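Each residue of the sequence shown is one higher than the last, beginning at 41 in the numbering used here.
Because the hints were derived from the structure by calculation, they are not lab data.
The structure presented is a predicted model; accordingly, all values stated were derived computationally and were not measured.
For every residue, glycine included, the Cβ atom is placed at its ideal position computed from N, Cα and C.
Take these hints with a grain of salt, some might be off.
Label pairs and their calculated CB-CB ranges [what the hints assert, rightly or not]:
no.: 1; residue 1: Val230; residue 2: Ala147; range: 17 to 25 angstroms
no.: 2; residue 1: Val142; residue 2: Leu90; range: 41 to 49 angstroms
no.: 3; residue 1: Pro67; residue 2: Val230; range: 50 to 58 angstroms
no.: 4; residue 1: Leu90; residue 2: Ala119; range: 23 to 31 angstroms
no.: 5; residue 1: Arg89; residue 2: Arg162; range: 18 to 26 angstroms
no.: 6; residue 1: Lys176; residue 2: Leu110; range: 53 to 61 angstroms
no.: 7; residue 1: His53; residue 2: Leu90; range: 51 to 59 angstroms
no.: 8; residue 1: Asp144; residue 2: Val230; range: 17 to 25 angstroms
no.: 9; residue 1: Pro67; residue 2: Pro235; range: 38 to 46 angstroms
no.: 10; residue 1: Leu110; residue 2: Lys52; range: 42 to 50 angstroms
EDC-like, lysine to aspartate or glutamate: derived pairs with alpha carbons at most 16 angstroms apart [unchecked claim]:
no.: 11; residue 1: Lys137; residue 2: Asp70
no.: 12; residue 1: Lys51; residue 2: Asp113
no.: 13; residue 1: Lys164; residue 2: Asp175
no.: 14; residue 1: Lys52; residue 2: Asp70
no.: 15; residue 1: Lys137; residue 2: Glu107
no.: 16; residue 1: Lys52; residue 2: Glu65
no.: 17; residue 1: Lys236; residue 2: Glu185
no.: 18; residue 1: Lys236; residue 2: Glu221
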Amino acid sequence: MKSPIEEMERKKHYFTDWLRERNIEIPLMDYIVFAYQNELAIEKTSSHRLAFSYEIPNRLRSLEMKETLLTADQIKRLANEITRSHREYDPLPLIEKYSLAVQDIAAGVTCTHCQQLTMQWRSKSWRCRACGHHDKAAHINALSEWYCISGPQLTNQNFRQFTDIGSRHAAKRMLANPFTELCGKKRNAVYHLSPKLLQPHGLSF
């Protein structure tokens, strides 16, 4: 889990730069806001403002107004500019973002226990050469990784090369799962991957 303090500082830094590019100099007040009351506790954060989401309205109302920095019209224009500048964050696929090729990625299946790229398909199950862990569904994580790296489509050959397995028939059986949809036949067969692979149950870290 990323540190919420580091994440807050990073976003504050970039937003400050964004404002300066538009010749806007205003102080920023940062809060670390938790959506749920059972969030992890953060130690040694006396210098940081922490709050739950339901507390924010009262926190804002309690702020002391010392001076007027922006007029109502300027605030409206700033809000519109923020809205226009907003872009959805979409880092996928990674090979496009970082100008890589699939061949640059080490082949293999990651062990769901020790996280090493040391799983081998043996006797209808994946077995880790490093820790001995067995997992019949470790290839589901490999499909999640492919989705992140290359996108939501792959072929049987892509899958075999990516997971480093030799059997076309074993690959076909693995690809027959709730997260894939087969389109086309024989050499034209392509598997479409479900976005559900990116959810926690589909990808383990």
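Consistency of the hints with the structure:
{"no.": "1", "hint": "Val230 <-> Ala147: 17 to 25 angstroms", "verdict": "holds (20 angstroms)"}
{"no.": "2", "hint": "Val142 <-> Leu90: 41 to 49 angstroms", "verdict": "holds (43 angstroms)"}
{"no.": "3", "hint": "Pro67 <-> Val230: 50 to 58 angstroms", "verdict": "holds (53 angstroms)"}
{"no.": "4", "hint": "Leu90 <-> Ala119: 23 to 31 angstroms", "verdict": "holds (26 angstroms)"}
{"no.": "5", "hint": "Arg89 <-> Arg162: 18 to 26 angstroms", "verdict": "violated (54 angstroms)"}
{"no.": "6", "hint": "Lys176 <-> Leu110: 53 to 61 angstroms", "verdict": "holds (60 angstroms)"}
{"no.": "7", "hint": "His53 <-> Leu90: 51 to 59 angstroms", "verdict": "violated (19 angstroms)"}
{"no.": "8", "hint": "Asp144 <-> Val230: 17 to 25 angstroms", "verdict": "holds (22 angstroms)"}
{"no.": "9", "hint": "Pro67 <-> Pro235: 38 to 46 angstroms", "verdict": "holds (40 angstroms)"}
{"no.": "10", "hint": "Leu110 <-> Lys52: 42 to 50 angstroms", "verdict": "violated (18 angstroms)"}
{"no.": "11", "hint": "Lys137 <-> Asp70", "verdict": "violated (30 angstroms)"}
{"no.": "12", "hint": "Lys51 <-> Asp113", "verdict": "violated (25 angstroms)"}
{"no.": "13", "hint": "Lys164 <-> Asp175", "verdict": "holds (10 angstroms)"}
{"no.": "14", "hint": "Lys52 <-> Asp70", "verdict": "holds (7 angstroms)"}
{"no.": "15", "hint": "Lys137 <-> Glu107", "verdict": "violated (44 angstroms)"}
{"no.": "16", "hint": "Lys52 <-> Glu65", "verdict": "holds (13 angstroms)"}
{"no.": "17", "hint": "Lys236 <-> Glu185", "verdict": "holds (12 angstroms)"}
{"no.": "18", "hint": "Lys236 <-> Glu221", "verdict": "holds (12 angstroms)"}
When the structure is compared with the earlier hints, violations turn up for hints 5, 7, 10, 11, 12, 15 and for no others.
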